[in-house]
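Kindly produce the complete structure, drawing on both the sequences and the hints.
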Amino acid sequence: MRVLVTGGAGYIGSVTAQALIAAGHHVVIVDDLSTGHAAAVPEGARLVEFDLADTLRMTDLLREESVEAVVHFAALSLVGESMREPLRYYRNNVGGAVALLEACAAVGVERFVLSSTAAVYGHPKSVPIPETADLRPESVYGETKLAVERLLDWLAVTRGIGYAALRYFNAAGAVPGRGEDHDPETHLVPLVLQAAMGRRRSVKLFGTDYPTPDGTAIRDYVHVADLADAHVLALAGVKPGAGTAFNLGSGEGFSVRQVIDLCKEVTGV
Numbered sequence: 001m002r003v004l005v006t007g008g009a010g011y012i013g014s015v016t017a018q019a020l021i022a023a024g025h026h027v028v029i030v031d032d033l034s035t036g037h038a039a040a041v042p043e044g045a046r047l048v049e050f051d052l053a054d055t056l057r058m059t060d061l062l063r064e065e066s067v068e069a070v071v072h073f074a075a076l077s078l079v080g081e082s083m084r085e086p087l088r089y090y091r092n093n094v095g096g097a098v099a100l101l102e103a104c105a106a107v108g109v110e111r112f113v114l115s116s117t118a119a120v121y122g123h124p125k126s127v128p129i130p131e132t133a134d135l136r137p138e139s140v141y142g143e144t145k146l147a148v149e150r151l152l153d154w155l156a157v158t159r160g161i162g163y164a165a166l167r168y169f170n171a172a173g174a175v176p177g178r179g180e181d182h183d184p185e186t187h188l189v190p191l192v193l194q195a196a197m198g199r200r201r202s203v204k205l206f207g208t209d210y211p212t213p214d215g216t217a218i219r220d221y222v223h224v225a226d227l228a229d230a231h232v233l234a235l236a237g238v239k240p241g242a243g244t245a246f247n248l249g250s251g252e253g254f255s256v257r258q259v260i261d262l263c264k265e266v267t268g269v
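Heads up, the sequence shown is in this note's numbering, so the first residue is 1 and it goes up one at a time.
Accuracy of the hints is not assured; some may be wrong.
What the hints assert, rightly or not - Calculated pairs, SDA-like style, for lysine to any residue (alpha carbon to alpha carbon, straight line, at most 25 Å): (1) K204 x G268; (2) K264 x S202; (3) K204 x G173; (4) K204 x T186; (5) K125 x A217; (6) K264 x R219; (7) K239 x K125; (8) K204 x C263; (9) K125 x R150.
None of these hints come from the bench; they were simulated from the model.
Set out below in structure tokens:
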């Protein structure tokens, strides 16, 4: 298919764009490069730089490229920042998605894959979390992603769009030539590896009294290459007029201390 990837110059977006090309799709990337990097765009993809909120330009691009499907990554994604700047997160994450979906409706794009988050669940009643669990976000970030999911659900009913919402747990890892390159960096694995390389003095543990075997928080880490494969599969499975959500995780949790200890073992530092 001819696929538009928003945020395709970012961490997960660029790896997924590469996987889509490898699967035989024609890929066009829209990214304003506010957090993405042009160097991360895979060979074979066309990069068009502009703000997602420009519905008219997006409509023209979708029509010009005869786009058949959209994979939507472009969004602000820092939980703490979202609590400090809720209006900015709603304007960017919800407003940007609305503008994009208006363009899709104008040209008849019927397949949509959303980069969502497990933050839509908030504090779960049970673990592992099924897709049928209550949706109770505890952050503005999670709430904005859920708002887009709900909009897609209504568009499936009223406009016949088909969608898959992919709810990530903690993305980690890299592929050759593409990995995490955030500023500021907030993810545990790159922070620990930066300390091992001497690029930062230390890594702080935020909490050592969790009700876990070693007292540190346990999270589910999923490799970015697996996330990319999931998007390719979701795109193949999307059917106009129907929508569904999938959790993307490894199914196994690791504590902060376990991650640090493994990084020590691998690096010898």
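Report task. Below or equal to 25 Å on CA atoms is what counts here, so check K125 against R150. Result -> holds, 22 Å
Report task. Quickly compare the C-alpha distance for K204 and G173 to 25 Å and report which way the hint goes. Result -> holds, 20 Å
Requested in this report: Measure nothing beyond the straight line between the CA atoms of K204 and G268; if it is 25 Å or shorter, mark the hint as holding.
Outcome: holds, 19 Å
Requested in this report: Would you mind confirming whether the straight-line C-alpha gap from K264 to S202 stays at or under 25 Å?
Outcome: Between K264 and S202 the Cα gap is close to 13 Å, so the pair holds against 25 Å.
Query - Restraint status (C-alpha distance of K204 to T186 at most 25 Å) - result: holds, 11 Å
Requested in this report: Given the hint that K125 pairs with A217, test it: the Cα-Cα distance must not exceed 25 Å.
Outcome: OK: K125 and A217 at ~17 Å, within 25 Å.
Query - K264 paired with R219 [C-alpha distance capped at 25 Å] - result: It holds: about 19 Å lies between the C-alpha atoms, which stays within 25 Å.
Report task. Mind checking the alpha carbons of K204 and C263 for me, to see if they're no more than 25 Å apart? Result -> Roughly 15 Å between the alpha carbons, so the hint for K204 and C263 holds.
**Report entry** Given hint K125 paired with K239 - CA-CA distance at most 25 Å
**Finding:** Violated: K239 and K125 sit about 31 Å apart, past 25 Å.
Violated hint for the displayed structure: number 7, the only one.
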